[in-house]
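S.K.: When you line the sequence shown up against full-length UniProt numbering, it's residues 1 to 85, in that order.
Hint data in this document are derived by calculation from the structure and do not stem from the laboratory.
As the structure is a prediction and not an experimental result, all values here were calculated from the model.
Hints are not guaranteed to be accurate.
Okay, derived cross-link-like pairs now, DSS-like style, lysine-lysine, Cα gap no bigger than 30 Å in a straight line [stated by the list, open to error]: (1) 69 with 42; (2) 69 with 54; (3) 55 with 23; (4) 29 with 42; (5) 42 with 55; (6) 23 with 42; (7) 69 with 55; (8) 23 with 54; (9) 42 with 54.
Between beta-carbon pairs, the in silico distance windows are [unchecked claim]: (10) 76 with 39: 15 to 21 Å; (11) 79 with 25: 20 to 26 Å; (12) 38 with 3: 22 to 28 Å; (13) 36 with 62: 37 to 43 Å; (14) 74 with 31: 21 to 27 Å; (15) 59 with 5: 17 to 23 Å.
For each residue, glycine too, the CB sits at the ideal point set by N, CA and C.
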Amino acid sequence: MKRGLSSLPEGFQTVAAIVGMEKAIELSKEFGGTTVYIPTHKTTTRHKRNESIKKDYRNGYSYSQLSRKYGLSLVAIRQIISCGS
């Protein structure tokens, strides 16, 4: 049975438009009736950004240079580098 986006609940139509009808149905079967947290793009890329900051620091970038390059405060840069550099 072929179903179009309009046959889905309004809030779920966007999901189906992004991932496709087949995947939307799979999501519905797996997670239907539950609340699913989807992190922001910023959150999902933070680890990679932090690893890049640590690598740049090891390659000679100063805190100030890193602050400008990544748009973060000096305090934030120091915290990132001090966590497992």
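S.K.: Among all the numbered hints in the text so far, which are the ones the structure does not match?
M.R.: Result: hints 3, 8, 11, 14 and 15 break, sorted rising.
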